[in-house]
Amino acid sequence: MAAIDEYINAITERAVEEARQEGAAAVEAQHLLLAVAAGQDPATRRVLASAGLDEQAIRAALEREFEHSLSAAGVSLSGFRLPRPSPALDRPKLGASAKLALERGFASVSRKRDLRPAHLLLGVLLAEAGTVPRALALAGVEAAELAAAVRRELPA
Amino acid sequence: MSGEDIPAVSDPADALAAVAALRRLADRLEDAAVEQAMRSGWSWPQVAEALGVTRQAVHKKHARRLIAAGVKLRRR
Numbered sequence: 001m002a003a004i005d006e007y008i009n010a011i012t013e014r015a016v017e018e019a020r021q022e023g024a025a026a027v028e029a030q031h032l033l034l035a036v037a038a039g040q041d042p043a044t045r046r047v048l049a050s051a052g053l054d055e056q057a058i059r060a061a062l063e064r065e066f067e068h069s070l071s072a073a074g075v076s077l078s079g080f081r082l083p084r085p086s087p088a089l090d091r092p093k094l095g096a097s098a099k100l101a102l103e104r105g106f107a108s109v110s111r112k113r114d115l116r117p118a119h120l121l122l123g124v125l126l127a128e129a130g131t132v133p134r135a136l137a138l139a140g141v142e143a144a145e146l147a148a149a150v151r152r153e154l155p156a
Numbered sequence: 001m002s003g004e005d006i007p008a009v010s011d012p013a014d015a016l017a018a019v020a021a022l023r024r025l026a027d028r029l030e031d032a033a034v035e036q037a038m039r040s041g042w043s044w045p046q047v048a049e050a051l052g053v054t055r056q057a058v059h060k061k062h063a064r065r066l067i068a069a070g071v072k073l074r075r076r
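Just so you know, the sequences run in chain order A and B.
With UniProt numbering applied, the first sequence closes on residue 156, and no number is skipped along the way.
With UniProt numbering applied, the second sequence closes on residue 76, and no number is skipped along the way.
Pulled out of the complex, with its shape left as it was, chain A reads as follows:
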């Protein structure tokens, strides 16, 4: 298996585990982002670090986005004091936002052999709406600017 396939598999598996731990019904773009941030690709890490992001910062931003979006509906998480549920056993399926992120990453190269790990991050960052760009904005990061930074890291 080519190195890029191994990377994509590893990131997808980690994203599945993120979703499962969270009790999410599906793997979404934010789980891919967490997996990418936890990965070891140097170019990806450089770009994220340049925006002050690592796995922990992204996790915090996602939690903030969750609370912020709930508050728009007048709901506060502090009002719920149920115990944390046991994690699901079933493997969450790839959700719509994760599929889009992967498709956008793959579509950003014309030949598959040009695909690099950072293209996965690029695919996640190309979403104009949804949880990821909102969470990044709350962390003071523009997804589109970060996407441009990824493109600069990648070979032309």
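If you are wondering where the hints come from, they were derived from the structure by calculation, not from laboratory data.
Note that the coordinates shown come from a computational prediction; the quantities given were computed from them, not determined experimentally.
Mimicking SDA-like on lysine to any residue, the simulated pairs with C-alpha atoms at most 25 angstroms apart in a straight line are:
id	chain 1	residue 1	chain 2	residue 2
1	B	K61	B	A37
2	B	K61	A	T12
3	A	K93	B	R55
4	B	K72	A	A88
5	B	K60	B	G70
6	A	K99	B	A18
7	A	K99	B	D27
8	B	K72	A	R20
9	B	K61	A	F80
10	A	K93	A	Q21
11	B	K72	A	R81
12	A	K93	B	R23
13	B	K61	A	L77
14	B	K61	A	E13
15	B	K72	A	R84
16	A	K99	B	P12
17	B	K72	A	D90
18	A	K99	A	E6
19	B	K72	A	L82
20	B	K61	A	A24
21	B	K60	B	Q46
22	A	K112	A	A2
23	A	K93	B	D27
24	B	K61	A	L89
25	A	K99	A	A143
26	A	K93	B	A20
27	B	K60	B	A33
28	B	K60	A	E22
29	A	K93	B	V19
30	A	K112	A	A149
31	B	K72	B	E35
32	A	K93	B	E30
33	B	K60	A	G23
34	B	K61	A	D90
35	B	K60	A	R91
36	B	K60	A	R84
37	A	K93	B	L16
38	A	K93	B	I67
39	A	K93	B	A63
Given the coordinates of chain A, assemble chain B onto it according to the supplied hints.
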């Protein structure tokens, strides 16, 4: 933008994100609440009726997870 603000939901992006967040919260609450009820000795039909879904639906969605977590489940 401050996370502490409670904005009027005039922005479609905020309104749509609220829907997505509420769905996620409802899923989490269901997992926690069903587990809590079954640990307290509720039966599947009682939990199903309380949630307004069929017994089969609630069983299919939660039984494996709760058995793996060691929750003692009532048969009926």
